[in-house]
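Peer 1: Spelled out, the chains give:
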Amino acid sequence: MALLRWTKRHLVVLAGLLTLGYLLLPNVVVTVFSFNAPKGRFNYEWQTFSTDAWTDPCGVAGLCRSLSLSLQLAAWATLGATVLGTMIAFALVRYRFRARGAVNSLIFLPMAMPEVVMAASLLTLFLNLGAQLGFWTILIAHIMFCLSFVVVAVKARVMSMDPRLEEAARDLYAGPVQTFVRVTLPLAAPGIAAGALLAFALSFDDFIITNFTAGSTVTFPMFVWGSAQRGTPVQINVIGTAMFVVAVLFVLAGMIVGNRRKRQKP
Amino acid sequence: MATLTEAEAPPPPSPAVPTRRTSRGRGRLVPYWLLLPGVLWLIVFFALPMVYQASTSVQTGSLEEGYKVTWHFATYWNALSEYWPQFLRSVLYAGSATVLCLLLGYPLAYLIAFRAGRWRNLVLILVIAPFFTSFLIRTLAWKTILADGGPVVGALNALHVLDVTGWLGMTAGDRVLATPLAVVCGLTYNFLPFMILPLYTSLERIDGRLHEAAGDLYATPFTTFRKVTFPLSMPGVVSGTLLTFIPASGDYVNADLLGSTETRMAGNVIQTQFLRILDYPTAAALSFLLMAAILIMVTLYIRKSGTEDLV
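For the protein sequence lines, the chains are H and L, in the order given.
If you count the first sequence from 1, position 28 lands on 28 in our numbering, and the numbers rise without skipping.
Each number in our numbering comes from the position in the second sequence (counting from 1) with 1000 added on.
FYI, nobody ran anything at the bench for these hints, they're computed from the structure.
Even for Gly, the Cβ is constructed at its ideal location relative to N, Cα and C.
Keep in mind that the hints are not guaranteed to be accurate.
[Said to hold, decoys possible] Pulled from the structure, derived: some chain L residues nowhere near chain H, Cβ distances all over 12 angstroms:
id, residue
1, Y1218
2, K1227
3, A1283
[As the list claims (entries may be wrong)] Output of the computed footprint for chain L on chain H, the stretches with three or more beta carbons under 8 angstroms from beta carbons of chain L:
id, stretch
4, 99-110
5, 114-126
6, 130-139
[As the list claims (entries may be wrong)] A few chain L positions that, by computed beta-carbon distances, are all more than 12 angstroms from chain H:
id, residue
7, T1056
8, S1057
9, E1065
10, L1080
11, S1081
12, P1085
13, A1158
14, H1160
15, G1169
16, D1174
17, D1207
18, G1208
19, E1212
20, A1214
21, G1267
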């Protein structure tokens, strides 16, 4: 009876934890199977424990090349989208201008459009222009779909900034450039950083739009997609696990630093 | 002299409003210069392609001889009459995945917002953490989880869940892989965080005193949820369902990796037409139809749910 009452009271918590388990189960499987020594070409069934893939992560032809290409693409796409997106965000929050509604919908629509539609239409453009599909077409596409997310992230931050701080800077005889570099930019930095991180993650992990605009260029997600057809090397799991661990460590470190700062500056 | 007065300024975050004074006349152009590169990028690589796509869909011709605009609208009719099952499947699978995401995601969002206490940030990180591994690798992991004769399929069989889903036409026999259930399961999994995060944001904003007030007025916990919490979380429900349904209905990765030829969705057809069969007019027409279908459904949904200030 007591157990029943306890269950009833914590039903939400139990259901929530089950969902969390559902979300994390594939990551557990990916990690466990990075230590597998599969028979045959596919790494879907557990055979025996082995660390072979961990000691030789680049042992599969083309895998590390695709990884480095994806990292380069993500870095350039992040740079492009962050610069363009931050400029738009500042214009939207700080200025009044004509065609504001049109600009807002132009930013909203790419986020509300299924990826496959954007990918297909972009491919028709490239085909019509006779563009050579490859690194540059992928980069163009990535900057395009990351842009909106940066605008949203930076806009939220700039809107919540206290304008009196910049006024104070100007009152203290800071020039426009000095005010921007010393006051505005540091204040907006968390929003810009959030937008940049989001852009990096979106670009690095993008498959559908890349699939349409890549031609025969192979990014990391394209490599995984191809391997799902031809045979999945264990190294894919190794890289997936390593990325996961590195990212979680980064987040935890950021949290600890943030907490410490909060404590130091009450 | 371009001066931004209080009346023209965007909604101010605090009583003090930025008054921007520029001594030179060309200061008026600053917002346009800021907008120019980004907006141009979106016009050329987002809006213009849509126009190209629309024009491609009414062209006829072949790869060798080139295509000409002939206003051949029959392409739409042919595409629809040939591929309506895939379109129907897209709506059904994405719809089921959205409902499942809401049912699974709500308790977790509620848990993070009201019950997690000092664990809140940790649970939030765990919700986002799967994103750190490529989604294709994680989707492939479902092949292992749902493997024939594996523990998950065994458990579902023992609980007679597969009998029910089999009766619904979602599974066939003792298999889960290569059935609609596997595709819906993969879609639900892939888009669940997009449901949880907006739900959490809107739940977190609810004033806890409203719950207390409901309790003081003799509402049972369930009534409190039905009359107070859930209505107040509606903005999160609406944006969560949109963020789940839209990408899910265009997805072809789950249907390809976890499904079979019997589970192909609209995205799969567009992908094969464009990248393998190279029938560009049909592919463009299909893509245009998908876009139109989604825009219509989303508009109706937003009207109906009465939250038009989502943007």
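Peer 1: Compare the structure with each hint and give your call.
Peer 2: These are the hints, each one checked on the structure:
no.: 1; hint: Y1218; in the structure: 18 angstroms, holds
no.: 2; hint: K1227; in the structure: 17 angstroms, holds
no.: 3; hint: A1283; in the structure: 6 angstroms, violated
no.: 4; hint: 99-110; in the structure: holds (count 8)
no.: 5; hint: 114-126; in the structure: holds (count 11)
no.: 6; hint: 130-139; in the structure: violated (count 0)
no.: 7; hint: T1056; in the structure: 5 angstroms, violated
no.: 8; hint: S1057; in the structure: 9 angstroms, violated
no.: 9; hint: E1065; in the structure: 15 angstroms, holds
no.: 10; hint: L1080; in the structure: 16 angstroms, holds
no.: 11; hint: S1081; in the structure: 20 angstroms, holds
no.: 12; hint: P1085; in the structure: 18 angstroms, holds
no.: 13; hint: A1158; in the structure: 18 angstroms, holds
no.: 14; hint: H1160; in the structure: 19 angstroms, holds
no.: 15; hint: G1169; in the structure: 23 angstroms, holds
no.: 16; hint: D1174; in the structure: 17 angstroms, holds
no.: 17; hint: D1207; in the structure: 19 angstroms, holds
no.: 18; hint: G1208; in the structure: 15 angstroms, holds
no.: 19; hint: E1212; in the structure: 17 angstroms, holds
no.: 20; hint: A1214; in the structure: 16 angstroms, holds
no.: 21; hint: G1267; in the structure: 5 angstroms, violated
Figure legend: structure checked against the earlier numbered hints; hints not met, in rising order: 3, 6, 7, 8, 21.
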